[in-house]
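So the sequences go chain by chain: A and B. Note that my numbering gives residue 186 to position 186 of the first sequence, counting from 1, and the numbers run on in steps of one. Note that my numbering gives residue 1065 to position 65 of the second sequence, counting from 1, and the numbers run on in steps of one.
Just so you know, these hints were derived from the structure itself, not from any lab. Here a beta-carbon is modelled for each residue, glycine too, at the ideal position from N, C-alpha and C. A hint or two may mislead.
[What the hints assert, rightly or not] Some chain B residues flagged as far from chain A (calculated, every beta-carbon gap over 12 Å):
no. : residue
1   : Asn1111
2   : Asn1129
3   : Thr1179
4   : Glu1279
5   : Ser1355
6   : Gly1423
7   : Gln1432
8   : Met1446
[Said to hold, decoys possible] 16 Å max Cα-Cα, derived EDC-like pairs, lysine to aspartate or glutamate:
no. : chain 1 : residue 1 : chain 2 : residue 2
9   : A       : Lys183    : B       : Asp1441
10  : A       : Lys135    : A       : Asp112
11  : B       : Lys1183   : A       : Asp112
12  : B       : Lys1183   : A       : Glu296
13  : A       : Lys183    : A       : Glu296
Protein chains: 2
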Amino acid sequence: MHTGANLPPRRPLPEGFLARIEARFGSRLQAGQAIREQHGSSESHYEAMLPDAVVFAENTDDVVALVNLCAAADVPIVPFGAGTSIEGNAAAVLGGISLDLTRMDRIVTVNDADFDCVVQPGVRREELNLHLRDKGLFFPIDPGANATIGGMASTRASGTNAVRYGTMKDAVLSLEIVTPQGKVIRTARRARKSAAGYDLTRLYVGSEGTLGIITEVTLRLHPIPEAISAAVCSFASLEGAVDTVVQSIQCGVPLARVEILDALQMRAVNRWSKLDYAEAPTLFFEFHGSAAYVAEQVATVEALAQGNGGSAFDWSDRPEERNRLWRARHDAYYAAVNLRQGAVGWATDVCVPISRLAQCIVETQADLATASMPATILGHVGDGNFHVVFSLDPNAPDEWSEVEAINRRLIERALAMDGTCTGEHGIGLGKQEWLVAELGDAVDQMRMIKRALDPQNLLNPGKIFAL
Amino acid sequence: MHTGANLPPRRPLPEGFLARIEARFGSRLQAGQAIREQHGSSESHYEAMLPDAVVFAENTDDVVALVNLCAAADVPIVPFGAGTSIEGNAAAVLGGISLDLTRMDRIVTVNDADFDCVVQPGVRREELNLHLRDKGLFFPIDPGANATIGGMASTRASGTNAVRYGTMKDAVLSLEIVTPQGKVIRTARRARKSAAGYDLTRLYVGSEGTLGIITEVTLRLHPIPEAISAAVCSFASLEGAVDTVVQSIQCGVPLARVEILDALQMRAVNRWSKLDYAEAPTLFFEFHGSAAYVAEQVATVEALAQGNGGSAFDWSDRPEERNRLWRARHDAYYAAVNLRQGAVGWATDVCVPISRLAQCIVETQADLATASMPATILGHVGDGNFHVVFSLDPNAPDEWSEVEAINRRLIERALAMDGTCTGEHGIGLGKQEWLVAELGDAVDQMRMIKRALDPQNLLNPGKIFAL
């Protein structure tokens, strides 16, 4: 398996430390092998790096108490949510305590008239949307997995709706943070915008738990649209699909979702979800608005698609059909991994200016065509962001080094196009070298901030960059 | 006049310093009284605080050279754009060099297919939009004044279009920054989104030139809508106006602009711009979209308005009429100040959750009703953000302390409603006390970041917070 960056040595726990934690947390401290493995592994391709123990927090006071105990003993803390991150973001590189926040799962307030809500970090996005439905509101950020809101904020998650509704940087209005010094701060008031000082909210969003621990999140919500339509359209070429999206944006169509899947990914989806779509480059669309406006959007985009070699739209505004379609899209990762029996997945992502997207995907496909394992492409085409999912034999070291080389070429290709080494997965362990290639000396500014806010390197050490 | 926060003493220039600057910059160093006054004053109510000299930069190398010379001599640098900020943000509190960036006014690239452009910081937003018009694109952020893009990024400006298109935090994709150490960094690639490390872009946006000097800005653009309509609607009550906006958002209407003006502000506008609108609480709307969709939006909102005591819409889709309307809105500040002859203006702003907006405005109006000077209210109602403009006798000290007290009550009212002490003007000199009231210990995190990135306190010292 993959170990990621060059890692510093684990810090040994000081004598009597776990006894002090147990005195405060009782049975909410757990150090069994199974629970440590669950908290040291992830859905993606990193080898397990186990914490020494797991602590389950139930409120902000618990988090403060843990931070104070760990700071006094110089023991690392790794915040942990659903465990669905993909770049080793929650691995316990130096050991220490995995701080499980999933019991902090209360929806504190929904402010209907303000289109916002306050939640604890362990709330999962699907549960939040179930809760909001009766109020006519929804939380749009959808990375696929049923991640926790705290985890999504930490990795600056985005996903299928980002082209219309933005990413977690846009969705988070304010955070409650426990600092490495054990202080509880709030980064902003609940006002929709502010020019009051440095934008701490956006600094903590995407900082992967390295600067502070998120204990409450205020989220921006949106009214559920009057009408929603979904459509599927296959294309003779990838360029035709991408051109359709660019032209739709030029025409001012506010695409709510627009996903691209390559031919192999469509084969995987058909097989996994028992569907019979054309096995060709395909766009999955979703349109939001009033009934008349959605009809107009569909007509505009369908006409553009047909001018670019697209099929007739296979479209639907019935919820059950839409859900079936998006379920298939959400399962695309599992579908891709399971193109081979017994395989494990390695998912990577890059994001480029949309004018370079077709070229970037076509060149990547050419590279994948020579690979020894199945590898599919799927992405959020409106943002220029796409994923490659490799289906790997866990017992074939050659395949792992082959994927490493392909991933390297993919990222170099994206950077050469003024793109980023990760559109939405974060840096974690796997992309530290590329962060430096991408941003150069700017990474020094990040290091200065980390050293200033967490001088002990207590929080999620070993992530994003080497100090 | 107003002096703002308690200020540290000016730093005297070291001997021979200006000669060293002149050796590098020649006649682009200017130290005459008039130019120093122009760079030490602002449009708002602060007393002039003059720099020792002004340097005009023409490129990034100039900025690096100046930073290195100033760092060696411990001389402050205050970045300066159009001089249209309102909280004393560019005052030379400790003296030093005012770095005028208006000659860096080149539009470097427009990437049509990517809906972005790269500009130097001295480009002004109106000139940028003139340049973009032929390409079918526009830059939506509109704070009223024809500010520079660098200044707008520094203060996290927003304005009339923010309800639909966001603020400068949403508009800026990437920045080139000269650090206080004289290094040139780029905060992000040109990809539309990224999860690569800390969000440095958003950290510098709104930092008021205290962390680094912006030398290039990559901006997100939008296609010019196929159809634009503007409408004016007066209401029997402020609540009716605010309820109309909340209900419109609930119905999913993507209002492009929605401005509220109180009765006195409408009288001022009528007088200043020679118009004859009803002198009652009024909404100015703008709708963007396809022709059919704009018509639908207008119909939806007009029906809601009439259910809330609104007049019939006075509406237009002809550019010259729309421009006349928005010209009047943009001149509202001058109109309000000129309610009295020879008066000077003091503009303040707060932002609250929209559910509290009507109450906040009504209570503020009651407070203003007893004031000795004219004071109007106007705001960006979709964001919960509003301004109060006082028309002051420059020679009546009592009026100044009266406004200080009203401003204090206004901000306390907004904070009590979970609002912010400034929606879009920034902290500058005038709101430092309120930043602490608003965010408490979180301001310490800002101080830690400032100390880490600018340990010499070289850049725009004395702003946002005391160190």
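Consistency of the hints with the structure:
1. With a cut of 12 Å on Cβ distances, B:Asn1111 falls inside the contact zone with chain A, its closest approach being about 7 Å.
2. No Cβ of chain A approaches the Cβ of B:Asn1129 within 12 Å, the least distance being about 17 Å, so the stated non-interface status holds.
3. With a least beta-carbon separation of about 7 Å from chain A, B:Thr1179 fails to lie farther than 12 Å from that chain, contradicting its non-interface assignment.
4. Every C-beta of chain A lies more than 12 Å from that of B:Glu1279, the closest at about 29 Å, which supports listing it as non-interface.
5. Not every Cβ of chain A is farther than 12 Å from the Cβ of B:Ser1355; the closest lies at roughly 4 Å, contradicting the non-interface assignment.
6. A cut-off of 12 Å between C-beta atoms contradicts the statement that B:Gly1423 is not in contact with chain A; the least separation is 6 Å.
7. Listed as outside the interface, B:Gln1432 is inconsistent with that label: its C-beta sits roughly 9 Å from the nearest C-beta of chain A, within the 12 Å cut-off.
8. With a cut of 12 Å on Cβ distances, B:Met1446 falls inside the contact zone with chain A, its closest approach being about 5 Å.
9. Restraint check: the Cα-Cα separation between A:Lys183 and B:Asp1441 comes to about 8 Å, which is no more than 16 Å; the hinted pair holds.
10. With a C-alpha separation of about 7 Å, the suggested pair A:Lys135 and A:Asp112 falls inside the 16 Å cut-off, and the hint holds.
11. Restraint check: the Cα-Cα separation between B:Lys1183 and A:Asp112 comes to about 47 Å, which exceeds 16 Å; the hinted pair is violated.
12. With a C-alpha separation of about 50 Å, the suggested pairing of B:Lys1183 with A:Glu296 is violated against the 16 Å cut-off.
13. The suggested pairing of A:Lys183 with A:Glu296 is violated, with an alpha-carbon distance near 52 Å, which exceeds 16 Å.
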